[in-house]
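**Student:** Using the sequences provided together with the hints, build the complete structure.
As given, the protein sequences belong to chains R and A, one line each in that order. With this note's numbering, you'll find the first sequence wraps up at 112, consecutive numbering, no jumps. With this note's numbering, you'll find the second sequence wraps up at 1114, consecutive numbering, no jumps.
Keep in mind the hints are simulated off the structure, nothing from the lab. The C-beta atom is built at its ideal place from N, Cα and C for all residues, glycine as well. It cannot be assumed that every hint is accurate.
What the hints assert, rightly or not - List time: in silico DSSO-like cross-link candidates among lysine-lysine, alpha-carbon distance up to 30 Å:
1. Lys3(R) / Lys1026(A)
2. Lys69(R) / Lys3(R)
3. Lys52(R) / Lys3(R)
4. Lys52(R) / Lys1026(A)
5. Lys69(R) / Lys52(R)
To be verified - On the chain R side, residues computed to face chain A include the following (Cβ under 10 Å):
6. Tyr36
7. Ser41
8. Gln42
9. Tyr46
10. His49
11. Lys52
12. Thr56
13. Gly98
14. Phe102
Residues per chain are reported as follows:
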Amino acid sequence: DAKTTQPPSMDCAEGRAANLPCNHSTISGNEYVYWYRQIHSQGPQYIIHGLKNNETNEMASLIITEDRKSSTLILPHATLRDTAVYYCIVRVLYNQGGKLIFGQGTELSVKP
Amino acid sequence: DAGVTQSPTHLIKTRGQQVTLRCSPKSGHDTVSWYQQALGQGPQFIFQYYEEEERQRGNFPDRFSGHQFPNYSSELNVNALLLGDSALYLCASSLASGVRDTQYFGPGTRLTVL
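**Tutor:** Take a look at the structure:
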């Protein structure tokens, strides 16, 4: 079973920041938080991952709470092309098991 | 730099038949994972191959089998197809090096079983 909980859907206005929450209250110390997104009928796209520090790349920012029990993915200026299902996943490093366990994700709709 | 590629894009089979799906990993990657995604669901892990051996397996019957070749490409075979095998089959590649083992997905193969 997935170890994360996400809202099933969210709306965001184009040009505004999209903040997608994720709860992972049972996360272990050696588990990373990963985010992927999937645009309809395409393969999931890797976005970002982190352990305990906040992370930023060209696509998004990842904010992890100090107790690591929850995180937020931030898309700073959402566009219509960001409409997708966003998956939050916790997993250990490769040597301890490489599989990704997907939940239902959050369906983000970016509206004009 | 080519990403993960999969073939074919779409496939239609009938119940009882066998199917082979193919995956070429991203350049420099040595590990291939396969996932099944039913309509409206998140992807489910089938198995993972590294050094031409099945390294980890999800909760799928033996009808699902795979292979990895010396060039790191991989095949997924499904025997005795059932209607419930209709899904998007996704391949993901990664590099077996700890923190650099992020999985990158291909576009998938849409399998329809009639």
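**Student:** Please go over all the hints and tell whether each is borne out by the structure.
**Tutor:** Cross-check of the supplied hints:
Of the supplied pair hints, the one linking Lys3(R) and Lys1026(A) holds, its CA atoms being roughly 28 Å apart against a limit of 30 Å. For the hint linking Lys69(R) to Lys3(R), the alpha-carbon distance of about 11 Å falls within 30 Å, and the restraint holds. In summary, the hint linking Lys52(R) to Lys3(R) is supported, as the alpha carbons are separated by about 17 Å, within the 30 Å threshold. Under the criterion of a C-alpha separation no larger than 30 Å, the hint pairing Lys52(R) with Lys1026(A) is consistent with the structure, at around 28 Å.
Taking the CA atoms of Lys69(R) and Lys52(R), the gap is about 10 Å. The hint holds against a cut of 30 Å. Satisfaction of the interface hint for Tyr36(R) is found here, the shortest Cβ-Cβ separation to chain A being roughly 8 Å, below the 10 Å cut-off. For the restraint placing Ser41(R) at the interface with chain A, the shortest Cβ-Cβ distance is roughly 7 Å, inside the 10 Å limit, so the hint holds. Interface restraint check: Gln42(R) against chain A, minimum CB-CB distance 6 Å, threshold 10 Å, status holds.
For Tyr46(R), the suggested interface contact is upheld, since its CB lies about 6 Å from the closest CB of chain A, less than 10 Å. Restraint check, His49(R) versus chain A: the minimum CB separation of about 7 Å is within 10 Å; hint holds. A distance limit of 10 Å between C-beta atoms decides the matter here; for Lys52(R) the minimum to chain A is near 13 Å, and the interface restraint is violated. Proximity of Thr56(R) to chain A is violated relative to the hint, the smallest CB-CB distance being about 16 Å (cut-off 10 Å).
Contact between Gly98(R) and chain A, as hinted, is supported at the beta carbon level, the nearest pair being about 5 Å apart and thus within 10 Å. Because the beta carbon of Phe102(R) sits about 3 Å from the nearest beta carbon in chain A, less than 10 Å, this interface hint is met.
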